[in-house]
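Student: Sequences listed follow chains H and X, in order.
Every letter in the first sequence is one number past the one before it in our numbering, and letter 31, counting from 1, is 31.
Every letter in the second sequence is one number past the one before it in our numbering, and letter 53, counting from 1, is 53.
Keep in mind that the hints were calculated from the coordinates and are not lab data.
Cβ atoms here follow ideal geometry from the backbone N, Cα and C, with glycine treated the same way.
Treat the hints with care, as some may be off.
[As the list claims (entries may be wrong)] FRET-style restraints, in silico, Cβ to Cβ:
{"no.": "1", "chain 1": "H", "residue 1": "111", "chain 2": "X", "residue 2": "20", "range": "40 to 48 Å"}
{"no.": "2", "chain 1": "X", "residue 1": "113", "chain 2": "H", "residue 2": "28", "range": "43 to 51 Å"}
{"no.": "3", "chain 1": "X", "residue 1": "26", "chain 2": "H", "residue 2": "8", "range": "20 to 28 Å"}
{"no.": "4", "chain 1": "X", "residue 1": "60", "chain 2": "H", "residue 2": "45", "range": "20 to 28 Å"}
{"no.": "5", "chain 1": "X", "residue 1": "69", "chain 2": "H", "residue 2": "16", "range": "48 to 56 Å"}
{"no.": "6", "chain 1": "H", "residue 1": "12", "chain 2": "X", "residue 2": "70", "range": "29 to 37 Å"}
{"no.": "7", "chain 1": "H", "residue 1": "58", "chain 2": "X", "residue 2": "9", "range": "32 to 40 Å"}
{"no.": "8", "chain 1": "X", "residue 1": "82", "chain 2": "H", "residue 2": "62", "range": "25 to 33 Å"}
{"no.": "9", "chain 1": "H", "residue 1": "53", "chain 2": "X", "residue 2": "10", "range": "18 to 26 Å"}
{"no.": "10", "chain 1": "X", "residue 1": "54", "chain 2": "H", "residue 2": "54", "range": "40 to 48 Å"}
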Amino acid sequence: GENVEQHPSTLSVQEGDSAVIKCTYSDSASNYFPWYKQELGKRPQLIIDIRSNVGEKKDQRIAVTLNKTAKHFSLHITETQPEDSAVYFCAASIAGNQFYFGTGTSLTVIP
Amino acid sequence: DTAVSQTPKYLVTQMGNDKSIKCEQNLGHDTMYWYKQDSKKFLKIMFSYNNKELIINETVPNRFSPKSPDKAHLNLHINSLELGDSAVYFCASTPTDTDAGYTFGSGTRLTVV
């Protein structure tokens with residue numbers, strides 16, 4: 001089955017700096033890659049996703065890039081704010097099927 | 001009008017007891033899942049149901065049994081609870097055969113004492 005690795009496991013940045021979280025996947029058939037943000041005590045919530053026919057997608061301060069050849073994808077957060085502090089999960093799936101989650105990145109934005 | 005709702009939100013129980021967690025979604029999704037999130041935050045899939053058919057069972061102990069009375073509900077029943085079952089359990093749903101993210105429920109924090 002699919003194996004998703006996520007790095008780093010913890011990340012601290014100063015407010016206003018950028019944060020980058022990287023994931024790799026093993027199954028070349030995976031074609032859908034969502035990212036989830038989980039605040040303390042809350043449910044994971046979808047913040048952005050990318051499909052395999054797209055190399056990059058941006059939504060305000062958040063962007064995701066995908067390199068199908070290398071089988072890795074990344075989340076970029078610019079101009080970080082304290083409210084960005086949370087655990088972030090990447091996932092990979094074949095459309096409509098089970099998601100395989102990464103192990104999570106705990107992001108702390110220091111005011 | 002919550003999309004995916006779980007009850008109860010908190011559950012504290014003694015070892016050896018049997019308990020159930022309920023999940024309902026009003027999104028019209030075809031597939032529902034149960035995930036276990038341990039203290040290290042890892043999201044581990046337990047079950048998924050598609051049109052009332054179990055399609056994934058990831059080496060979960062048979063003390064755990066999913067029950068789906070209809071497409072909108074997927075309940076989780078746990079027999080003979082053990083200390084290691086303490087975790088947060090999330091229900092999620094998604095439409096089938098489309099590119100769409102999961103919608104998660106609010107989670108049930110289970111503590112076995």
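Student: If you check each hint against the structure, which ones fail?
Tutor: 3, 6, 8, 9, 10
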